[in-house]
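The listed protein sequences correspond, in order, to chains A and B. Under this note's numbering, the first residue of the first sequence is numbered 4, with each subsequent residue one higher. Under this note's numbering, the first residue of the second sequence is numbered 4, with each subsequent residue one higher.
Hints were generated in silico from the structure; no laboratory data involved. Fair warning: there could be bad hints in the mix.
As the list makes no split between identical chains, a pair holds if one copy fits it or if it spans any two.
[Said to hold, decoys possible] Listed below are the simulated EDC-like cross-link pairs for lysine to aspartate or glutamate, each with C-alpha atoms no more than 16 Å apart in a straight line:
no.	residue 1	residue 2
1	K220	E231
2	K36	E5
3	K232	D319
4	K189	E233
There are 2 protein chains.
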Amino acid sequence: MESNHTYQQLAAFAKAVFLKMGCTDSDAALATKVLLSADLRGIDSHGIARLVGYVRLWELGRINATPNIKIIHETPSTAVIDGDRGLGLIVAPRAMEIAMEKAKQVGTGWVSVKNSNHFGIAGYHAMMALEQEMIGIAMTNASALVAPTYAAEKLLGTNPIAVAIPAGEAAPFVADFATTTAANGKLEIAQRNNTTIPLGWAQDAAGNPTQDANILKNGGALLPLGSEKEQGSHKGYALGSIVDIFSAVLSGASFGPWAPPFPAYVPMPENMPGEGLGHFIGAMRIDAFRPAADFKSNMDLWLNRFRNATPAAGHDQVYVAGDLERAMEKERMQKGIALVDGVQNDLKALAEKMDLNFDRLFKIKME
Amino acid sequence: MESNHTYQQLAAFAKAVFLKMGCTDSDAALATKVLLSADLRGIDSHGIARLVGYVRLWELGRINATPNIKIIHETPSTAVIDGDRGLGLIVAPRAMEIAMEKAKQVGTGWVSVKNSNHFGIAGYHAMMALEQEMIGIAMTNASALVAPTYAAEKLLGTNPIAVAIPAGEAAPFVADFATTTAANGKLEIAQRNNTTIPLGWAQDAAGNPTQDANILKNGGALLPLGSEKEQGSHKGYALGSIVDIFSAVLSGASFGPWAPPFPAYVPMPENMPGEGLGHFIGAMRIDAFRPAADFKSNMDLWLNRFRNATPAAGHDQVYVAGDLERAMEKERMQKGIALVDGVQNDLKALAEKMDLNFDRLFKIKME
């Protein structure tokens, strides 16, 4: 069962929760906008469904609602920032602002972040650059759910990469993907529906192929993009490694199997080599390479050529990265966002715990 | 059948060929070193087997042996260079030198290159940064062999990405991979052996799955990393797109289906939107983020943890990106490089055409 809500209803609720945590009004508004961009774009696992998880980490003291985010090392084109255990939803946009400021000065800006937390969808932060006629890049490490090629251990997170590239008249290119074959959210859907998962998504505790959607609870692991060696899993493993190193080794965050877990009930790893989660954020001014008009006109040609490619048998449209999410955002902003009962109930319980009037915040039900 | 040669023999031959093309002595030496780094590292498709192809492009006037490589646009952290139709083997190292010079000044350097040609293996250029305690990044676009997810057309090249990351005591991290499920060289091996290819590597002209190793000659296409949508091919498609845009749209090279083909017999695409092939080269000083000693000690911890991970059933070692290529390089430098008869015969014919004494250059046969 699902219930449908307007974006404004969910936003009012999320903002009220962040305010109760002690965020400033502007931070609560920003955290809400970043969090709900996931729901709007159809990445339901990273949106309001995670709000309860953020609150639990705040209760444990692992999230600081009023962080003193500061630059601890910098050059004209780089910085490392200490997120002071802030919400990644707040820390990452600040990192992108610094990256864009540096790009304005010297062409590009690159910010590695330590001591942060889950930052929502990578795509939000990358897309911030589009308004400034810049290419935006965002990645983050995450707690270990993924086994390297040939390994029986979980050593990497789903470590997503987002790249947003502006265009002229055409809608921009916005890639945002986990460096695994399938995101963990897809396994959760299979668990809810009591179905198996395709081969190539996960392995069991010994490293054998499996179709068991519950395998991660029994020592199994997600597989890197490519699934197995013959299909290129060493490439997905390399990509996940690069994200971990740029986000966490370069900043002084905790990396690999020591990345802090998101679920509050999972104990923190022992002997953590750094502080918190890490992100890596980049901005490149397009006119640091070519006159912006030349770039945009070539980019429009690129986008139109790919969007108008001849479809394969059984398909009627070729998409560019970000097209489906853009269509989803438009639809959900108009028609509302459906929450499954589990999420709806979690939010009701959260409202009670935080002494919020759930019915008032959700009063204009869409159905 | 194969014949074995020392690195020095192959290098003497390749350098003699580049000199005959009119390269300066130092350019011929550099082009040789870059080209043969592929043979040493086990990427046979990109090494001396391609020498004949470079010569054919030079005969057609598409490669300029004495290019005037110049910066046409720059900021403190960026540049675009015009390769003047030079060998990519020469142009890309020059781009990396510029990137590293900028990184010395402002922390990072990013160079997009137009009007270039095939640059050998991406890993060579990325690894140049290691000696300077920098992270090196190299990518290139290439002629279209790959179909986007849901497309029946070839619109992208195999568009490789290389990332080299220095460490302290441990051997460095060196990723270098095509953004496809399998490289074209693997299909060529299957063609030679008259075997089929695994599902997931290629599709036929209509976009259906195929195991035919010859399918690219009949309108088929390679598949992006991930193979099909359910296994994440839209992620490999996005990666290949990013490489194409950074390398060619950002520089003014020709992109997508208009990238110039490597085989001289393939006609140039019509209405090319830019000049030549494009590359994208980056360098980031590690001490632009953290004190180098801190980074290196954490990076050693990272590398040792992954190399000592528990292997999956049926495997006895977990590797980090670049480990197998490093072992191959050591072995081939000692034991020599085997050439299949086809390549050996091509080189003999090339020697005759260029009036080189093949037997003298190869006189110290290893077997």
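Evaluation of the provided hints:
1. K220 - E231: neither (21 Å within a copy, 27 Å between copies)
2. K36 - E5: Classified as neither: same-chain Cα gap 22 Å, cross-chain 62 Å, threshold 16 Å.
3. K232 - D319: Intra 31 Å, inter 15 Å, cutoff 16 Å: inter-copy only.
4. K189 - E233: between (23 Å within a copy, 11 Å between copies)
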